[in-house]
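Enquirer: Residues per chain are reported as follows:
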Amino acid sequence: MADFNIFNIAGSAMSAESVRLNTVASNLANADSVSSSPNTAYKARYPVFQAIQSSLMSPGGVADPTQAANAAVKVSGIVQTTAPATASYQPGNPLADANGYVYSSNVNVIEQMADMISASRSYQNDVQVLETSKSLMLDTLKLGQI
Amino acid sequence: MPLLNLNAYLGIEPDALKVYSQRADVLAANLANADTPGYLARDIDFRAALAAAGSQGEALQPAMTGAGGLTAAALTTANANITADGSNVSTEQFLKYRVPLAPSLDGNTVDSQMEESQFAQNTVRYQAALTFIENRFSELTTAITGGQ
Numbered sequence: 001m002a003d004f005n006i007f008n009i010a011g012s013a014m015s016a017e018s019v020r021l022n023t024v025a026s027n028l029a030n031a032d033s034v035s036s037s038p039n040t041a042y043k044a045r046y047p048v049f050q051a052i053q054s055s056l057m058s059p060g061g062v063a064d065p066t067q068a069a070n071a072a073v074k075v076s077g078i079v080q081t082t083a084p085a086t087a088s089y090q091p092g093n094p095l096a097d098a099n100g101y102v103y104s105s106n107v108n109v110i111e112q113m114a115d116m117i118s119a120s121r122s123y124q125n126d127v128q129v130l131e132t133s134k135s136l137m138l139d140t141l142k143l144g145q146i
Numbered sequence: 001m002p003l004l005n006l007n008a009y010l011g012i013e014p015d016a017l018k019v020y021s022q023r024a025d026v027l028a029a030n031l032a033n034a035d036t037p038g039y040l041a042r043d044i045d046f047r048a049a050l051a052a053a054g055s056q057g058e059a060l061q062p063a064m065t066g067a068g069g070l071t072a073a074a075l076t077t078a079n080a081n082i083t084a085d086g087s088n089v090s091t092e093q094f095l096k097y098r099v100p101l102a103p104s105l106d107g108n109t110v111d112s113q114m115e116e117s118q119f120a121q122n123t124v125r126y127q128a129a130l131t132f133i134e135n136r137f138s139e140l141t142t143a144i145t146g147g148q
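So the protein sequences, as listed, match chains G and H. Counting in my numbering, the first sequence runs from 1 upward without gaps. Counting in my numbering, the second sequence runs from 1 upward without gaps.
Because the hints were derived from the structure by calculation, they are not lab data. Each hint should be verified, as a subset may be incorrect.
[As the list claims (entries may be wrong)] Below, a list of computed lysine-lysine pairs in the DSSO-like style, where the Cα atoms sit at most 27 Å apart:
(1) K74(G) x K134(G)
(2) K74(G) x K43(G)
(3) K96(H) x K142(G)
(4) K96(H) x K18(H)
(5) K74(G) x K96(H)
(6) K18(H) x K43(G)
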C-alpha cells in the first residue's frame, strides 16, 4: 500500500471486470441476431482472466522481492463458446438459407445476466478497496498535523 | 542529556502499520483475482511478520539505554540500525495459502465475502495504529509546549 501498488492491483481488476461487462453487453445485444449459416452465427464471447505478478507491471520489469506477493489480474484473451447455433425454420426471413432455416446465436441470456451481476459485484468490491486504501493513505499523510 | 529515540518512543505501532499495509496489498490482490481461474488466495501470517518487524525494531533499543551522554560510537550504531531497519521486510516468507471453505470448480479459492471482511478488519486496525501514533505525537507536543 505504501508504494501505491494497491492502486495498480485494484485498477487492473477494475479494467478486467469492465472488459467482462463489455463482453456481456455484446453477447446480450446479439442474443437475437440470426445468420444464414451456422458458421457465421454469433457466438457468445468470454474473457479469460489470468493473475500476473505486479513486478511485471512495473516499468522496466524489475522484480522487487517485497512486491512478489501481490498479483494483479489481466485479460489474457477473449474466447468464443463452441456451443452449436440453434437452427429455426423461418422461410420468410430474408437471411434464410435454401432450406428456409436461419441460425441464431448460442447466447444463453440467463447465463449472461448472472455473469453481469457477478462482474458488477466484483467491480464494486474493487472500487471499495480503492476508496478505503485512498482514505487510509490520506489519513497517513495527515499524521502529526494538529 | 539523553536524546529521545523516536523509534523506541513510538513502540511497535509503526511496524504494525507496515505489516497492515502489506496485508492490505495481499487482500487487494485476492479480491482482484476473485474471478481468475486457478488463483489461490493468500494471506500474511501476521504474528510472524510482526515478530520479525518487531525484532528489527528492538535492535534500536541499546542505543537509547546508554546512560549519560550519547557517545559517537552509540550514534554510529544507531544510524547503522536505522538504515538496516529502513530496508523493507519481504512479506514473501510470511505468505500462506488460505484453506478454502468451498473451493470452486475452476480451482479459484478466493472467498470474496471473507476477503472483504478481512480487508475491513485490516483497515480498522490500520486506523487504530495510526491513532496510537498520532496520540503519541500529540503527547510529545504537549510535553514540548508544556501544555500551553
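Enquirer: Work down the list of hints and note, for each, if the structure agrees.
Expert: Verification of the supplied hints:
1. K74(G) x K134(G): holds (22 Å)
2. K74(G) x K43(G): holds (23 Å)
3. K96(H) x K142(G): violated (33 Å)
4. K96(H) x K18(H): Measuring from Cα to Cα gives roughly 18 Å; hence the hint holds.
5. K74(G) x K96(H): The hint holds at about 23 Å.
6. K18(H) x K43(G): violated (48 Å)
Comparing the model with each numbered hint stated earlier shows that hints 3, 6 do not hold.
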